[in-house]
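Asks: Each chain is listed here by its residues.
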Amino acid sequence: MNDFAIKTTGLTRYFGGKCAVDQVSLAVPRGSVFALLGRNGSGKSTLTRMLMGLLEPTRGSANVLGEDCRHLSPAARGRIGYVAEGHPLIDWMRVRDLESFQKSFYPKWDGRLFKSVVDQFGLPSDARAGRLSRGQRAGLSLALTLATRPQLLVMDDPAMGLDPVARRTLLEAMILVTRNAGHTIFFSSHVLDDVERVADHVAILDKSVLRVSCPVEFFRARIKRLVLTFGGTPPPLPPIPGLLEARRDLTQLRLTVANPGPELEQLVASLGAQAVTEVALSLEDAVIAYLGERGEKPSLLQSDQLEAVAS
Amino acid sequence: MKAIFIKELRENGKWAALMLVAMSAVLAWGLSTRPSLVGDFVMPLITGCGFPVIGFALGLLQTLQDSSPGRWGFLTHRPITRAQILSAKLLAGICLYFLVALIPLGVAIYWVATPGHVAAPFAWQMTLPRLADAIGGLMWYAAGILVGARHARWIGSRLMPAGTALVGSIAALWFPLNMGEALLIFAIVLAIILPGAWAAFAGGEDFARQPIIARWTAGLCVLIGLFCALGALAGFSTSMLRSLTGVERDRGYNVYEFAPDGRMLIARESPGIPASVTDLQGKPLPLLAESEPTRANILVVSMEDNDPQHMSRERRRDEQGFQREGKYLRSIGSNELAHWYYVVTRNTIEGFNAYRREYIGSLGLAGFVRATGSPQPFPEPMYVSQDEYSNPGIVASAKTAYELDLSRRTIVPVFDAEPGDPILIADGPPMFYDPDKWSVPFTVVVTHTTVHVFESGKERIHTALKHVFPETISLEICRTSDGRYVLAYQSNHPEKEPAEWVDELDPQGRLLHETVLPRLPVRNSPSPIWTNTPILFVAPPAADLWALIWARSQMISDPSDLPVTIALAAFGLITLCATLLVVRQMGLSRRAQWAWVLFNGLLGFPGLTLLLSLFDRIAKIACPSCGKRRLVTREQCEHCNAPFARPAPEGIEVFASTSAGDK
Numbered sequence: 001m002n003d004f005a006i007k008t009t010g011l012t013r014y015f016g017g018k019c020a021v022d023q024v025s026l027a028v029p030r031g032s033v034f035a036l037l038g039r040n041g042s043g044k045s046t047l048t049r050m051l052m053g054l055l056e057p058t059r060g061s062a063n064v065l066g067e068d069c070r071h072l073s074p075a076a077r078g079r080i081g082y083v084a085e086g087h088p089l090i091d092w093m094r095v096r097d098l099e100s101f102q103k104s105f106y107p108k109w110d111g112r113l114f115k116s117v118v119d120q121f122g123l124p125s126d127a128r129a130g131r132l133s134r135g136q137r138a139g140l141s142l143a144l145t146l147a148t149r150p151q152l153l154v155m156d157d158p159a160m161g162l163d164p165v166a167r168r169t170l171l172e173a174m175i176l177v178t179r180n181a182g183h184t185i186f187f188s189s190h191v192l193d194d195v196e197r198v199a200d201h202v203a204i205l206d207k208s209v210l211r212v213s214c215p216v217e218f219f220r221a222r223i224k225r226l227v228l229t230f231g232g233t234p235p236p237l238p239p240i241p242g243l244l245e246a247r248r249d250l251t252q253l254r255l256t257v258a259n260p261g262p263e264l265e266q267l268v269a270s271l272g273a274q275a276v277t278e279v280a281l282s283l284e285d286a287v288i289a290y291l292g293e294r295g296e297k298p299s300l301l302q303s304d305q306l307e308a309v310a311s
Numbered sequence: 312m313k314a315i316f317i318k319e320l321r322e323n324g325k326w327a328a329l330m331l332v333a334m335s336a337v338l339a340w341g342l343s344t345r346p347s348l349v350g351d352f353v354m355p356l357i358t359g360c361g362f363p364v365i366g367f368a369l370g371l372l373q374t375l376q377d378s379s380p381g382r383w384g385f386l387t388h389r390p391i392t393r394a395q396i397l398s399a400k401l402l403a404g405i406c407l408y409f410l411v412a413l414i415p416l417g418v419a420i421y422w423v424a425t426p427g428h429v430a431a432p433f434a435w436q437m438t439l440p441r442l443a444d445a446i447g448g449l450m451w452y453a454a455g456i457l458v459g460a461r462h463a464r465w466i467g468s469r470l471m472p473a474g475t476a477l478v479g480s481i482a483a484l485w486f487p488l489n490m491g492e493a494l495l496i497f498a499i500v501l502a503i504i505l506p507g508a509w510a511a512f513a514g515g516e517d518f519a520r521q522p523i524i525a526r527w528t529a530g531l532c533v534l535i536g537l538f539c540a541l542g543a544l545a546g547f548s549t550s551m552l553r554s555l556t557g558v559e560r561d562r563g564y565n566v567y568e569f570a571p572d573g574r575m576l577i578a579r580e581s582p583g584i585p586a587s588v589t590d591l592q593g594k595p596l597p598l599l600a601e602s603e604p605t606r607a608n609i610l611v612v613s614m615e616d617n618d619p620q621h622m623s624r625e626r627r628r629d630e631q632g633f634q635r636e637g638k639y640l641r642s643i644g645s646n647e648l649a650h651w652y653y654v655v656t657r658n659t660i661e662g663f664n665a666y667r668r669e670y671i672g673s674l675g676l677a678g679f680v681r682a683t684g685s686p687q688p689f690p691e692p693m694y695v696s697q698d699e700y701s702n703p704g705i706v707a708s709a710k711t712a713y714e715l716d717l718s719r720r721t722i723v724p725v726f727d728a729e730p731g732d733p734i735l736i737a738d739g740p741p742m743f744y745d746p747d748k749w750s751v752p753f754t755v756v757v758t759h760t761t762v763h764v765f766e767s768g769k770e771r772i773h774t775a776l777k778h779v780f781p782e783t784i785s786l787e788i789c790r791t792s793d794g795r796y797v798l799a800y801q802s803n804h805p806e807k808e809p810a811e812w813v814d815e816l817d818p819q820g821r822l823l824h825e826t827v828l829p830r831l832p833v834r835n836s837p838s839p840i841w842t843n844t845p846i847l848f849v850a851p852p853a854a855d856l857w858a859l860i861w862a863r864s865q866m867i868s869d870p871s872d873l874p875v876t877i878a879l880a881a882f883g884l885i886t887l888c889a890t891l892l893v894v895r896q897m898g899l900s901r902r903a904q905w906a907w908v909l910f911n912g913l914l915g916f917p918g919l920t921l922l923l924s925l926f927d928r929i930a931k932i933a934c935p936s937c938g939k940r941r942l943v944t945r946e947q948c949e950h951c952n953a954p955f956a957r958p959a960p961e962g963i964e965v966f967a968s969t970s971a972g973d974k
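Top line first, the protein sequences correspond to chains A and B.
Position one of the first sequence corresponds to residue 1 (the working numbering), numbered consecutively onward.
Position one of the second sequence corresponds to residue 312 (the working numbering), numbered consecutively onward.
Chain A extracted, bound-state conformation (with noise of 0.2 Å):
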């Protein structure tokens, strides 16, 4: 049996002349909690939507639960659980349409489930579903996708404009899935404090370019943060291999790189810092550190505001 529940090669995807995603190499292992990131316009549900079939590949290929994506037979849809992206229904019906609508496709529907997840969400089976508040779309798309029962979980962006209880709610129906081995849940979010808790791989695209693709902890361990402080001001960077981000303040250079080595260590070195101090980083700030504007960045405060914040 395949150990990755989704696979792709060189997928590639053009609008007209701009390519909205570049060449992804993926794999998501079976079991895992798999988090896509990136900022907006990044790729993120272009690259969801070829993996489930509803967009064609320019180029490249991606198999998901086995099957090529552009061909996924209905036995496979029936094993795969889709959240799309600002979770569309068909808003005249009603929770209960909804539910008999989509069990009469799914011989194995645990109606059970679907109760507790709509109950979670406060959801009255008369309310239509072009009624509902965002977060209450959220639970009623989640409530109809997990029922299914699905071996595998795609999610485009779930947590989109939902309040935190909503959130919440959202992240113990999705643990729910996980609680069946070799159940996997692939999903994009902005949300990096949900990701921290239910991710445990992680891929973050880049302008259309897959940059990251690991377990969340391979990837907090290889984002660094090191505080470099100075007697006087900070002399001027040289290149730094890796370098995500530098900010600088009147004696700190706060420098954060990717896969930092012995090179790191020397150009550290070369710096003449006083002291150089580690900071542990949230995958939160890992993840902005990554996404944000590469290099040096101007302070946002001018050199008097900060002498007086110092003092």
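Please keep in mind that the hints were generated in silico from the structure rather than gathered at the bench.
Keep in mind that this is a model prediction, so the values were computed, not measured.
Keep in mind that a hint or two might mislead.
Unchecked claim - Here are the computed distance ranges between Cβ atoms for each label pair:
1) A:Arg197 / B:Ala956: 35 to 45 Å
2) B:Asp629 / A:Gly130: 37 to 47 Å
3) A:His71 / B:Ala858: 41 to 51 Å
4) B:Pro960 / A:Val279: 22 to 32 Å
5) A:Gly130 / B:Met312: 52 to 62 Å
6) A:Glu296 / B:Trp465: 26 to 36 Å
7) A:Gly130 / B:Leu494: 40 to 50 Å
Stated by the list, open to error - Lysine to any residue pairs mimicking SDA-like chemistry, simulated, CA-CA at most 20 Å apart:
8) B:Lys807 / B:Tyr564
9) A:Lys18 / B:Ala956
10) A:Lys207 / A:Gly295
11) A:Lys207 / B:Gly962
12) B:Lys325 / A:Asp97
13) A:Lys103 / B:Met312
14) B:Lys313 / A:Ile90
15) B:Lys313 / B:Gly324
16) B:Lys769 / B:Asp727
17) A:Lys297 / B:Glu961
18) B:Lys710 / B:Asp616
19) A:Lys108 / B:Met312
20) A:Lys18 / B:Gln947
21) A:Lys18 / B:Met897
22) B:Lys939 / B:Leu923
23) B:Lys325 / B:Leu375
24) A:Lys115 / A:Leu176
Even glycine gets a Cβ: it sits at the ideal position worked out from N, Cα and C.
Take the given structure of chain A and dock chain B to it, following the hints.
Replies: Quick look at chain B alone, frame taken from chain A:
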């Protein structure tokens, strides 16, 4: 499947109900205006336009409502194939369509068939044209599905498949002689549209990757639509060009006309110029006063055989086509009390009370039989003339002609044909006779060899028929005020001499004069070729070439044809060059590229627009290996076979072997 079917019914039910109400209202208005199922205008217009609109709207609604990316994903991501989803949609859509179409139509048919509602006969066959219109709406429904589901560059080309349904509707209106032929047309059109619709819905967005049959049929649908749109545009441009440049004023036609006294005159008519009349020597004559009927006491008799077995298909189509009223019944007269019809399907003449709208009886071999008895059929099919210049005072079969007097409700046999010389036609009296002045009503019976003229039921003239179809197209018979008859045989060969043969007979039927009239100098002179330029530009080059060769073969010399030919050749060349450029942008295989170039060499501009409508332009980027621009869809450069370079690493990449596809 069932869930999709029910979802479609519920989702589109409200729209269907709205359409049902609208169609019912329009049908009710139509029946109040012209209470007939097979009338010449109102009912065919309502069902011929209403059902297509309903079908197209339903097809569009069913596809467009699910076309947003999110909704499309929700609908299609389930353990059934897209073909199954489409099947359920089609089944629901067709059910809704037939509910919307057949409920109001059924009520309308029931109302018309109920005695006391319409002062006209009813036969179940009269419902067939309207049922055909309802079934024909399925072509539009399928076109709606294709238009809604097909990915297209812009809304104009997206709408093109509707042109195929339009052509199907027009063909079903004009060509079929029976329901079977109409159904065959619908089946052919559906066989063209449905595979394209299926592929557009189920096959994905990339046209080039759809099955070949779907690509061919979708391409054909779009091509037919393009021809319709470009043809309409070119036709409009041509008429505007002719109107603005005034070339129409130079056109005109000269025709021979009867004077009320039986003399032959020459009338000249041209757009925008007052008509002029001269005698045969060219001497100008005063025009008739507008109040004086110009066709008084003249019968125009078509010289074609009216036996349906000997009729040409074109004539049967024109007179007894499936959608024509004449296939089912023909009005043979009305007065303030009654309407009389020859009912083709029963071979009877039936009368209806004009006020109570009830059947009053039939006219047949036994005379008038009241409504208590069943209508009496004639032993043979009857021919009833329905031209605009005569009153129905005589009807005939191949063997016998009968004079009718509808006010007295009598029918009298006036002529029996000799064996081997069947009746071609019986006609008369003329529409515009005026008994208070000088004209006398007369009827005419023409057999294959003789012409018989009757006045008040008695034969006045009996003369040999000199020319028959196809040598002549019509026989015009004029009765003068002094009782002479002039017979003019109009030639059916516009390019040959003579134009007409004219025989003048005295009141006893003896030949007084025999005149052969020469062809008139100008008859419908063709427009200059340059005025057809818009049509020539959008027509396939092969058709243009044929048109120019034909014009030369017809000795239509035109000083503008050389510049027009050069312009067309240049335009054809530009089209070919544009095709060459465009096919290279479409990422097609070399073989497909040459096939398109060859195809567009035959089709010209419509072929180029078809190419642009079907395929998307593929982006090109510079190949880092050879520097030439390469298509982004190909794994390897088409110039140097180099694969695509990976995105340049920035030194920040973090990959673990467990989650990197090929790193």
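Asks: For every hint, state whether the structure bears it out.
Replies: Evaluation of the provided hints:
At roughly 38 Å, the beta-carbon separation of Arg197 of chain A and Ala956 of chain B lies within the given 35 to 45 Å, and the hint holds. Separation of Asp629 of chain B from Gly130 of chain A is about 55 Å and departs from the stated range, judged on CB atoms against 37 to 47 Å. For His71 of chain A and Ala858 of chain B, the hinted distance range of 41 to 51 Å is satisfied, since their beta carbons lie about 49 Å from each other. Evaluation of the 22 to 32 Å hint for Pro960 of chain B and Val279 of chain A yields a pass: the beta carbon distance comes to about 26 Å.
For Gly130 of chain A and Met312 of chain B, the hinted distance range of 52 to 62 Å is not satisfied, since their beta carbons lie about 25 Å from each other. The given range of 26 to 36 Å is broken by Glu296 of chain A and Trp465 of chain B, whose C-beta atoms sit roughly 47 Å from each other. Distance hint check: the CB atoms of Gly130 of chain A and Leu494 of chain B are about 42 Å apart, consistent with the given range 40 to 50 Å. Under the criterion of a C-alpha separation no larger than 20 Å, the hint pairing Lys807 of chain B with Tyr564 of chain B is consistent with the structure, at around 16 Å.
For a cut-off of 20 Å, the pair hint linking Lys18 of chain A to Ala956 of chain B stands: about 17 Å separates their Cα positions. Using a Cα cut-off of 20 Å, the hinted pair Lys207 of chain A and Gly295 of chain A holds, with the two alpha carbons roughly 16 Å apart. For a cut-off of 20 Å, the pair hint linking Lys207 of chain A to Gly962 of chain B stands: about 15 Å separates their Cα positions. For the hint linking Lys325 of chain B to Asp97 of chain A, the alpha-carbon distance of about 17 Å falls within 20 Å, and the restraint holds.
Taken as a hint, the Lys103 of chain A and Met312 of chain B pair is honoured in the structure, with Cα atoms around 12 Å apart against an allowance of 20 Å. Restraint check for Lys313 of chain B and Ile90 of chain A: the C-alpha separation of about 16 Å stays at or below 20 Å, so the hint holds. Among the hinted pairs, Lys313 of chain B with Gly324 of chain B is consistent with the structure: their alpha-carbon atoms are about 16 Å apart, no more than 20 Å. For the given pair, Lys769 of chain B sits about 13 Å from Asp727 of chain B by alpha-carbon distance, which is consistent with the 20 Å threshold.
For the suggested pair Lys297 of chain A and Glu961 of chain B, the alpha carbons sit about 18 Å apart, so the restraint of at most 20 Å is met. Using a Cα cut-off of 20 Å, the hinted pair Lys710 of chain B and Asp616 of chain B holds, with the two alpha carbons roughly 13 Å apart. Distance check on the hinted pair: Lys108 of chain A and Met312 of chain B sit about 17 Å apart at the alpha-carbon level, within 20 Å; holds. A distance of roughly 19 Å separates the Cα atoms of Lys18 of chain A and Gln947 of chain B; the hinted pair therefore holds under the 20 Å criterion.
Simply put, Lys18 of chain A and Met897 of chain B have alpha-carbon atoms about 16 Å apart, close enough for the 20 Å limit, and the pair holds. At roughly 24 Å between alpha-carbon atoms, Lys939 of chain B and Leu923 of chain B are farther apart than 20 Å, so this suggested pair is violated. A C-alpha spacing of about 16 Å is found between Lys325 of chain B and Leu375 of chain B, which places the hinted pair at or below 20 Å, so the restraint holds. Restraint check for Lys115 of chain A and Leu176 of chain A: satisfied, since their Cα atoms lie roughly 13 Å apart, inside the 20 Å limit.
Going through the hint list in order, the structure does not satisfy hints 2, 5, 6, 22.
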